[in-house]
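> Read top to bottom, the protein sequences are chains W and P. To get my numbering, take the position in the first sequence, counting from 1, and add 1. To get my numbering, take the position in the second sequence, counting from 1, and add 284.
No wet-lab data here; the hints were simulated from the structure. Glycine included, every Cβ here is placed at the ideal spot set by N, Cα and C. Warning: the hint list may mix true and false statements.
[Said to hold, decoys possible] Computed Cβ-Cβ distance ranges for the label pairs, DEER-style: (1) P/I414 / W/V26: 54 to 60 Å; (2) W/K63 / P/Q318: 31 to 37 Å; (3) P/N421 / W/D159: 39 to 45 Å; (4) W/P110 / P/L486: 38 to 44 Å; (5) W/S199 / P/L355: 28 to 34 Å; (6) W/K87 / P/D480: 34 to 40 Å; (7) P/V373 / W/V26: 53 to 59 Å.
[Said to hold, decoys possible] Restricting the straight-line Cα-Cα distance to at most 30 Å, the calculated cross-link-like pairs of lysine-lysine (BS3-like) are: (8) W/K163 / P/K491; (9) W/K69 / W/K87; (10) P/K481 / W/K87; (11) W/K177 / W/K162; (12) W/K170 / P/K491; (13) P/K358 / W/K87; (14) P/K358 / W/K162; (15) W/K87 / P/K372.
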Amino acid sequence: METLLGIKGPDFVMLAADTTHAHSVVVMKEDENKIHKVADNLLISTVGESGDTEQFTEFIAKNIALYKMRNGYDLSPHSAAHFTRKNLAESLRSRTRYQVFMFIAGYDPAEGPELTFIDYLASAQSVNYAGHGYGSMFCSSIFDRYWHPNITQEEAYDVLKKCVLEIQKRLIVNLKNFNVAVVDKNGVRHLDQISSKSLIDYNAAA
Amino acid sequence: MTTTNKITYNGGCVIAMQGKDCIGIATDRRFGLQSHTAGEDCQKVFHLSPRLYLGLTGLQTDIMTVYNRLLYRKNVYEINEGREVSPKVLTELLSHLLYEHRFGPFFVEPVIAGLDPETLEPYICCMDLIGCANVTNDFVATGTCSDQLVGMCESVWSPNLNATELFKTIAQAMLGSFNRDAVSGWGSSIFILEKDKITERLIRTRKD
């Protein structure tokens, strides 16, 4: 029932994630952060099986930090995504299968922005925009309509607001708040939460 | 994933055809999760060697795993032998890789297309998910719309086509087939490999 969204621009990547942590029908926590800053230029957002999400993300994050300690420079976002996918693919056919859906978002001064969609089967694809979870089903067409190759950060935030409005209207599960983070040449920044309160006066058609 | 068919979960198709001193290999570009299209520029053909292409269709995660593992084995071969791998040898490498997982297979249907590095003879072959190779001298087709592809190829292919005619033939076969398949399509990437050059073309089609 959790939702992740991601959108890539010419020089940034923006991720949004809901903040609800539920155990079957009970909401345990309303302010769970699912977007993790893994390095100065890298964000990972994860949803899926409880426990697997934290364990797998932490494993990847610590290995990326170890790479930096050993070599003196950061792993590029493309390589980080490749490393993540490889580990998930190896765990897929083992006794310890992790069931996680993730986005790897990063900005490299040489290679530019990178948004990688990774499925629970370790299918990885570099995309311009995508989503995970039931909420993402309502957002595909919004992204198709409003994304363009020269999208700015303000426009991308606006597109995410339209997506959240649609999710809150049409998804049976109540996802009150969405955390938003962006990574660009200046590093990682957390933007204002998109919540039902902040969308009260928002006119999606404009 | 227990009730869904793993080979058709992501959708996709690959064909390869032999012409006069040239080969062509083509795939669609869709990355889907059953009925939902998640990506429209998915790469399913990999340029393993200057004169060798590997096309993979099936479960996307296994496509990437098989490609990475085969690339590793090919690189080790080239370091040990000190020469470029030939299509026949690559077929053996891939066949062994897949049969090693006989009872827990990778859900991929590969196609190998290339020119022999020494004789420049065209070579195409397809394989099933456990490595049974089928080497032919006309065309091979795998994927969710393989029935349609084989039918189209049978009617449009003829021997000794030159590079331009081969491109038109492959394009016709691909478009005619994946237009009738819901989980393939969203454009087609076609590579024509000749003695002295490779031409890559992208055909934009209806995205539905």
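> Which hints from the list above does the structure break, by number from lowest to highest?
1, 3, 4, 5, 10 and 14
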